[in-house]
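Reading the sequence shown from the start, the letters are residues 73 to 143 in my numbering.
Incorrect hints may have been included.
[Stated by the list, open to error] DSSO-like mimics (lysine-lysine), calculated; alpha carbons at most 30 Å apart, straight line: (1) K120 <-> K131; (2) K130 <-> K141; (3) K141 <-> K128; (4) K120 <-> K141; (5) K131 <-> K114; (6) K131 <-> K141; (7) K120 <-> K97; (8) K141 <-> K97; (9) K114 <-> K130; (10) K120 <-> K130; (11) K128 <-> K114.
[Said to hold, decoys possible] Between beta-carbon pairs, the in silico distance windows are: (12) H124 <-> E98: 34 to 44 Å; (13) T135 <-> K114: 42 to 52 Å; (14) P96 <-> C139: 30 to 40 Å; (15) C139 <-> R110: 19 to 29 Å; (16) G140 <-> D116: 12 to 22 Å; (17) K130 <-> S93: 38 to 48 Å; (18) N118 <-> C139: 12 to 22 Å.
FYI, nobody ran anything at the bench for these hints, they're computed from the structure.
This one's a predicted model, so the numbers in the text were calculated from it and none came from an experiment.
Note that beta-carbon positions come from the ideal geometry of N, C-alpha and C, so glycine has one too.
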Amino acid sequence: MIDNSTGISQIFINKPSMQPSQHPKEYNVEDNITIFGRLQTKIDPNLKICPHCNSKIKKIWSTCPICGKDL
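Throw the hints in and build the complete structure from the sequences for me.
Below, the structure is given as structure tokens:
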């Protein structure tokens, strides 16, 4: 369809109908089990600082997962 006042064709876009907002689901630890086990919800107290990138990593690791350097 062409608008006679401007000479420009009008494009009609189908707008999606508005969906009613959904309430977020309550957080439940049992619902969030991954292939690695349960999600970590507390900071591990046994951490050390990587001297190369200053990241907090587990004490048992010998290589920093952030910078990849040996400790």
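Checked hints:
1. K120 <-> K131: Distance ~5 Å between K120 and K131 Cα, so the pair holds.
2. K130 <-> K141: holds (14 Å)
3. K141 <-> K128: holds (14 Å)
4. K120 <-> K141: Holds, at about 14 Å.
5. K131 <-> K114: OK: K131 and K114 at ~16 Å, within 30 Å.
6. K131 <-> K141: Distance ~14 Å between K131 and K141 Cα, so the pair holds.
7. K120 <-> K97: Violated, at roughly 35 Å.
8. K141 <-> K97: Roughly 40 Å between the alpha carbons, so the hint for K141 and K97 is violated.
9. K114 <-> K130: Measuring from Cα to Cα gives roughly 14 Å; hence the hint holds.
10. K120 <-> K130: Answer holds: K120 to K130 is near 6 Å, not above 30 Å.
11. K128 <-> K114: holds (14 Å)
12. H124 <-> E98: 34 to 44 Å: Holds, at about 41 Å.
13. T135 <-> K114: 42 to 52 Å: Hint violated: Cβ distance 24 Å, outside 42 to 52 Å.
14. P96 <-> C139: 30 to 40 Å: For P96 and C139 the Cβ distance comes to about 36 Å; the hint holds.
15. C139 <-> R110: 19 to 29 Å: Given about 27 Å between the Cβ atoms, the range holds.
16. G140 <-> D116: 12 to 22 Å: Since G140 and D116 have Cβ atoms about 20 Å apart, the given range 12 to 22 Å holds.
17. K130 <-> S93: 38 to 48 Å: Check passed, 40 Å falls within 38 to 48 Å.
18. N118 <-> C139: 12 to 22 Å: Since N118 and C139 have Cβ atoms about 20 Å apart, the given range 12 to 22 Å holds.
Consistency note: the structure conflicts with the earlier hints numbered 7, 8 and 13.
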